[in-house]
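Enquirer: Spelled out, the chains give:
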Amino acid sequence: MKRLISVLVALALCAMSFAQTGGIKATVVNRAGRAPVQGAKVELFSNGESIAHQNADVLGRFCFEGIADGSYMLTMKAEGFLSAQVNVIVEKGLMRDLVFVTLSPVTLAKDSPDEDNFAEQDFQDSGYSDAPTILFSNDVYSELAGFGFSAIRFKNRGYNSETQDVYLAGVKLNDAITGYSPFSLWSGLNEATRSKESTLGVESSQYGVGGINGVTNIMATPSSVRPGWRSSVLTNSSTYRLRLMLTYGSGQKDNGISYAFNVSARLGGNDWTKGVFYRNFAYYAGIEKNWGDIHRLSLVTLASPGQRGAANASTQEVYDMMGDNMYNSNWGYQNGKVRNARVRNTFEPITFLKYNYTPSDKLSLGATLLWRTGYNGYSALDWYDAADPRPDYYRNLPSYFSMVDEDYDRNSEEKAAWAAEMWNPRIASYSKYQHIDWDRMYNVNYNSADGRSKYAQEERHVDQNDLHAVFNAHYVPSGNFTIDGGINLRLNRTENYKKMKDLLGGKYYLNIDSFAERDFAANEAKVQNDLDYWVANNRQAEKVVTGGKYGYDYLSQVRDARVWASGAYSAGGFRALLAGSIGYNTFWREGLVRKGLFAGTWDDGSDIIIDGVNLTQESNGQTSKGKSAVSGFVIGSVKTNLSYTFVGGHRIFADAGYFVDAPSFNNSFISPRTRNTLVSGLKPIKTFSGDLNYQYSGNGIDARVTAYYTTIKDQSDVMSFYDDSQHSFTNFAMTGIDQRHLGVEIGVRVPIIDNLTLSGAFSWGDHIYTSVPKMVQTIDNSAEVIREDDVPYWNRTPIFSKVKDPVTGTEVYDIDADDNPIVKGYKNHYVPSTPQICAELALNYNINNWFLELNGQYFDKSYIDMNPLYRTTFACAGPDGVITPQEIEYMTEQEKFAPAFLLNLSIGKTWYIKNRQLGFSLNGNNLTNNRNVKTGGYEQTRLVTGAKHDVYKRFDTKYFYMCGINYMLNIYFRF
Amino acid sequence: MKKYISLISLLCLLVSCQEFEPVFTEKYPQPQPYDYTVPQANATIADLAARLPKSNRIKDKSLNGVEITENIIIEGRVSTTDQPGNFYKSLYIQDETGGMEIKLGRNGLYNEYHEGQRIVIKCSGLYVGDYGSNKKGNGYGMAQLGYTGEGTDYQTSYMEVPLLVSKTVFKGDPNDIQKVTPVKITTADQLPDATSTLATCSNIGKLVTVPGLYYGWHDPQYDEDNGAFVLLYINSLQDKEASSNRIFITGTQTGIDTWALSKERMTQSLLSGKWDSFNVGNATEAQSCKFGTVGDLRGDGSYPGVDKAAYSVSHYFTVNLPGSNGSLVPIGIQVRTSGYCKFADSPVPQDVLNGTRPITVTGILNMYEGKIQLTVNNITDIEY
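Read top to bottom, the protein sequences are chains A and B. If you're matching positions, the first sequence starts at 1 in our numbering and goes up one per residue. If you're matching positions, the second sequence starts at 1001 in our numbering and goes up one per residue.
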């Protein structure tokens, strides 16, 4: 690598020797589109002192003449771009022509449809989509990884979305309930949210101490929106058909007022995943007043309302039968029209009022009040006492009838053949079996007694009211000392409930719990979702009509208060920062309806006795209505960043931090839909992270090398699933999950010859689980604890020693003197759903406002998301309770995905017509049409009893795939 | 600019209507009611049952049902419902000549096959098989229609695959409902004997009403008095045939006073200790107490050694009906009810249990090992 770099450096220097005499010149261009950056401020420094400055002309050119020999530093700044610096040596009185200096937009390197540019996917039915891979920074690695690795859902350093601190107007907006990064709240507002400030990894920021995965602050104030009109039309084949966007930024008027708006629409389906569609709109409007650069007040409102159809994961068996790894089981034909059952329907407006007070260069104070409200619904099919309508339900597949593995005891070849025939995609009339059969569901409802719907479409709501008050201060007591600090207060009240979206031809849906009915069919009170209603209405369950709430209804209440401060000291090339925060996070559940299963007591505290049955006693100490116990955690963090910049563009820096965070609400309640029960043994999450970095920027070369190490301890996780051994729906709470992440990141960009640049990014990680967590499994209907144990195979699979049986000559497991199998080592289990090895090599060519980029990417070491049930002693032991090495190996091993190679090409051009810009960019992705790239998936939690009643067998894993060859064309016009 | 606008228009055109129309309106066209035309029947249920040879009327796991290779089409009206849960995954249809279980193998059948709805079945490719005949072949069970039992312990299997079901089973108009009228049993010759088939007794598999049922039955063969009967398992995931895995709660002192045992009710009964003296195992092993008693499985009081689940219960009744010579013949009839049904825990009144009060039961007339069983659709089919 070193040799390559030096060769390239030499090449670059050769190129420069064609320079003219007299000083330094270059053209400032946008790295994204190679468009000239008109008006960029270019400043020349000698020994740390500014000696000259210019604004780039309309073609982005600048030229400093009459410069003496010596070392200089050039800095370039432009609105909407990250500032950059270049070291230049002027020798022998020659004019150094740097040809191009590139500025990176403060956003993705290339235009992409959206930051969350994925088709929405159901992930273990969580209803949340993955977060985008975002790493905005003035950094070559981040540029390449941030955009280039997103198609495969790369997670930076293997971290979850929760670790990305995302701020809007200085307010941290990570979801109060889940911690997830909130990009979807402003998706489609690319222009209004383009101005960002970001830090990487453990670096601190002026908006807060931050965590381990960078801080991104989206400015979102009207003055930060680039002045002028911007419009664009975008079409692409992997997410949605069409995006229209219009933006206007006034810039600051003479009266100190600036205003801006941004509207967009994203519409249609795509070429790869049927049933997925967008009907999304977005708006941003803001006004700001500046009084003499001392007082600034801005008022902004924005939202991204609309509907999106989601895609679903299926098993490989289904994909193979359909001949399509992008098969989506969420849709079906309704009277000939494609209809998706799983549609996200959101309108979550954010409004903020921001005030800044800057009495001097040394002090600025700010206060922001931000409110997020609205609704977030996610539809799904609901059914009562009727056949499972999901086309890829396991009983509809050939594997349910016949399996090669005899242990499954499935040997009905004939039925398997019928099932295989049913999945023949070439027979059009079988579409009703291969996709959701809406017509059948309507017909069942048409003929249902009394018009009671047996099938319906529900909408699960998570409607937030999120109020923030943020105060911050920035103070510079002396030239080399800076202090930042602030207070963040948050109040979140989220209502979770189900709403009837569509009765599918019926008249009403009965509000009872069909799962409870399986166990308590004889007790009508216990199957009520709303016992109070049933009691008050003559023992009739509510007949829910369209728009009605049913099922469950509870509030998640979260309060969070924290103060933070950071101090930075710089002298010469040295900079040191120390930051810390402390706060308190508290949350509780508040049930709004009384469920028959967990009735608790009447509101006056007396026992609930119905027909002689004491439901209070039957509640097993649990309650569904009212306020739960309040959970509270002291949270805090400390962080330090040290850096030293050497002469000549070299910089080394190191960061370290320790963080104590509260577990999120969604990982703290065992079954929030039914009861107030907290997971026992909840602990704050403790994270340590450190990194060591080397950066070089000079002579057109940009490079960074980073090594990082992180440990995350005491995480918790809850899930609910049907447990075949219990014939019951169960809740599974896991605590004490520890992870360790370590790895190396390398990013390099070198000019090769005129107009041609080579960039490379490489990431190697080793992100593993390091603990044996604890689990508690309860029956959902009764809260009865059925298992309380370790999850011994969560973090690794033992490798058993094998020997040749001297008699039979076959390989058998070796045993020790006590007849126990001998473990000779372990296979680690990895943090899933991201490649841990990624590499990209890109060639950039640009000339006359054309740009061309060809890049190749390689991804490896990506793993399946594990189901903890399969890592318990119980599952490995099988129904006979006897655990064997074969069972452990079979049940606990974590699947590794095959490596993937992708080839992408981008081309673009900008024309300048009288101060107006017309341009396009066209990206062709996955040109080799690789359709076998798994981007994620999950293991099902079901168990099959083996033929000999001695082992459990697994259900097939479900996968998500990346789409094949796809394009994106963006045409923009700026005036 | 013009070019720009025309380009946008072009792009808009590119977007297909299918993607946009329902998406924009959020309204999907309401599906039409199905067309319920059915093929013409050419055989009766008894004709179909006659395909099952005597050689199949025996308990033998290796036997497969008989494949129907000709174009036999039968028709009947649905006589059962799986809504309360006493029938599960299958339904009965009947015509003049008899009734038969159709092993569809899907849940929630009542949603699509209503009681009294006309059903037509193209039997070609399906299998007729026996269920419930005894090992000696002198006590018959029932002929059933399903799919091949190859590879299973049974002569037929559930049809299950939706494509198979929709290619063979056709529904008549759901608005043309003619509920089946139960056959009232007033004489002994209306009921089958141990080796009756539809050829000799057309009431088999039909919905019948039997009045005058008194609790309890004396089994002359073993000289035993029978009340309730339930078969528990130590571990239902283990071999259910293994003697060591079975507990028979039977006789007149079972303490079972509900029509069946839901999981909750079964657990309560077990934990009460009232079954402690019952032995584990089939008849011989149980008698010798080879595997111990239920009480031995008590553990810490939670009986970890017994599978707590819903269990079906048979209650034995006797009806005295006039025989061919006019004198009353006592006939034993079991009322068998699933622990998973919604009325599982409905109590059997005390005066019924003590034999003083007769009941009238309407249910499907089944045979199991030559004996008569009634399976009710709902608790309302039992009248006191």
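Incorrect hints may have been included.
Stated by the list, open to error - Calculated cross-link-like contacts (lysine-lysine; reagent style DSS-like; alpha-carbon spacing at most 25 Å):
(1) K1308/B x K953/A
(2) K543/A x K1290/B
(3) K948/A x K1274/B
(4) K1059/B x K1027/B
(5) K337/A x K507/A
(6) K1167/B x K432/A
(7) K1027/B x K948/A
(8) K774/A x K686/A
(9) K1184/B x K1122/B
(10) K432/A x K1089/B
(11) K774/A x K683/A
(12) K1054/B x K1167/B
(13) K549/A x K1061/B
(14) K1054/B x K543/A
(15) K1240/B x K1061/B
(16) K92/A x K77/A
(17) K909/A x K948/A
(18) K1089/B x K1290/B
(19) K77/A x K337/A
(20) K507/A x K1027/B
(21) K432/A x K1027/B
(22) K953/A x K1054/B
(23) K1240/B x K1135/B
(24) K507/A x K1135/B
(25) K432/A x K1171/B
(26) K1059/B x K337/A
(27) K1027/B x K501/A
(28) K896/A x K953/A
(29) K1059/B x K948/A
(30) K909/A x K827/A
(31) K432/A x K1290/B
(32) K1179/B x K1059/B
(33) K1240/B x K948/A
(34) K507/A x K713/A
(35) K774/A x K804/A
(36) K1240/B x K1184/B
(37) K948/A x K1054/B
As the list claims (entries may be wrong) - Chain B stretches covered by chain A per the calculated footprint, using a threshold of three residues with CB under 8 Å from any CB of chain A:
(38) 1037 to 1045
(39) 1048 to 1062
(40) 1219 to 1229
Everything labelled a hint here was simulated from the structure, so no lab data went into it. The structure presented is a predicted model; accordingly, all values stated were derived computationally and were not measured. Just so you know, even glycine gets a beta-carbon here, dropped at the ideal spot from N, CA and C.
Enquirer: Please go over all the hints and tell whether each is borne out by the structure.
Expert: Against the structure, the hints:
With a C-alpha separation of about 23 Å, the suggested pair K1308/B and K953/A falls inside the 25 Å cut-off, and the hint holds. Note on K543/A and K1290/B: the hinted pairing is violated, with a Cα-Cα distance of about 55 Å set against a maximum of 25 Å. This hinted pair does not check out: K948/A and K1274/B have alpha carbons roughly 33 Å apart, beyond 25 Å. Restraint check for K1059/B and K1027/B: the C-alpha separation of about 56 Å exceeds 25 Å, so the hint is violated.
For the given pair, K337/A sits about 23 Å from K507/A by alpha-carbon distance, which is consistent with the 25 Å threshold. Between the alpha carbons of K1167/B and K432/A the distance comes to roughly 14 Å, so the proposed pair stays at or under 25 Å and holds. For the proposed pair K1027/B and K948/A, the alpha carbon gap of about 52 Å is over 25 Å, so the pair is violated. Using a Cα cut-off of 25 Å, the hinted pair K774/A and K686/A holds, with the two alpha carbons roughly 17 Å apart.
Only pairs whose Cα atoms come within 25 Å are accepted, and K1184/B paired with K1122/B is rejected, the gap being roughly 30 Å. Only pairs whose Cα atoms come within 25 Å are accepted, and K432/A paired with K1089/B is accepted, the gap being roughly 22 Å. A hinted pair counts as satisfied when its Cα atoms are at most 25 Å apart, and K774/A with K683/A qualifies at roughly 12 Å. For the given pair, K1054/B sits about 29 Å from K1167/B by alpha-carbon distance, which is inconsistent with the 25 Å threshold.
Between K549/A and K1061/B the CA atoms are separated by roughly 52 Å; this puts the pair beyond 25 Å, and the hint is violated. With a CA separation close to 53 Å, the supplied pair K1054/B and K543/A exceeds the 25 Å bound. Restraint check for K1240/B and K1061/B: satisfied, since their Cα atoms lie roughly 14 Å apart, inside the 25 Å limit. Between the alpha carbons of K92/A and K77/A the distance comes to roughly 28 Å, so the proposed pair goes past 25 Å and is violated.
With a C-alpha separation of about 67 Å, the suggested pair K909/A and K948/A falls outside the 25 Å cut-off, and the hint is violated. A hinted pair counts as satisfied when its Cα atoms are at most 25 Å apart, and K1089/B with K1290/B does not qualify at roughly 37 Å. Of the supplied pair hints, the one linking K77/A and K337/A is violated, its CA atoms being roughly 52 Å apart against a limit of 25 Å. The hinted pair formed by K507/A and K1027/B meets the criterion: a straight-line CA distance of about 17 Å does not exceed 25 Å.
A distance of roughly 20 Å separates the Cα atoms of K432/A and K1027/B; the hinted pair therefore holds under the 25 Å criterion. With a C-alpha separation of about 39 Å, the suggested pair K953/A and K1054/B falls outside the 25 Å cut-off, and the hint is violated. Between K1240/B and K1135/B the CA atoms are separated by roughly 18 Å; this keeps the pair inside 25 Å, and the hint holds. Only pairs whose Cα atoms come within 25 Å are accepted, and K507/A paired with K1135/B is rejected, the gap being roughly 52 Å.
Distance hint between K432/A and K1171/B is fulfilled; the C-alpha atoms sit about 17 Å from each other, no more than 25 Å. Distance hint between K1059/B and K337/A is unfulfilled; the C-alpha atoms sit about 51 Å from each other, more than 25 Å. A threshold of 25 Å between alpha carbons decides the hint, and for K1027/B with K501/A the separation of about 12 Å falls inside it, so the pair holds. Among the hinted pairs, K896/A with K953/A is consistent with the structure: their alpha-carbon atoms are about 19 Å apart, no more than 25 Å.
Taken as a hint, the K1059/B and K948/A pair is honoured in the structure, with Cα atoms around 22 Å apart against an allowance of 25 Å. Straight-line distance between C-alpha atoms of K909/A and K827/A comes to about 50 Å, which puts the hinted pair past the 25 Å bound. A hinted pair counts as satisfied when its Cα atoms are at most 25 Å apart, and K432/A with K1290/B does not qualify at roughly 55 Å. For the given pair, K1179/B sits about 34 Å from K1059/B by alpha-carbon distance, which is inconsistent with the 25 Å threshold.
With a C-alpha separation of about 12 Å, the suggested pairing of K1240/B with K948/A holds against the 25 Å cut-off. For the hint linking K507/A to K713/A, the alpha-carbon distance of about 51 Å lies beyond 25 Å, and the restraint is violated. A distance of roughly 37 Å separates the Cα atoms of K774/A and K804/A; the hinted pair therefore is violated under the 25 Å criterion. A threshold of 25 Å between alpha carbons decides the hint, and for K1240/B with K1184/B the separation of about 37 Å lies outside it, so the pair is violated.
Restraint check for K948/A and K1054/B: not satisfied, since their Cα atoms lie roughly 32 Å apart, outside the 25 Å limit. Coverage of the region 1037 to 1045 of chain B by chain A is violated in this model, with 0 residues showing a Cβ closer than 8 Å to a Cβ of that chain against a need of three. For a cut-off of 8 Å, the count of residues in the region 1048 to 1062 of chain B with a CB near a CB of chain A stands at 0, and the three-residue condition is violated. For a cut-off of 8 Å, the count of residues in the region 1219 to 1229 of chain B with a CB near a CB of chain A stands at 0, and the three-residue condition is violated.
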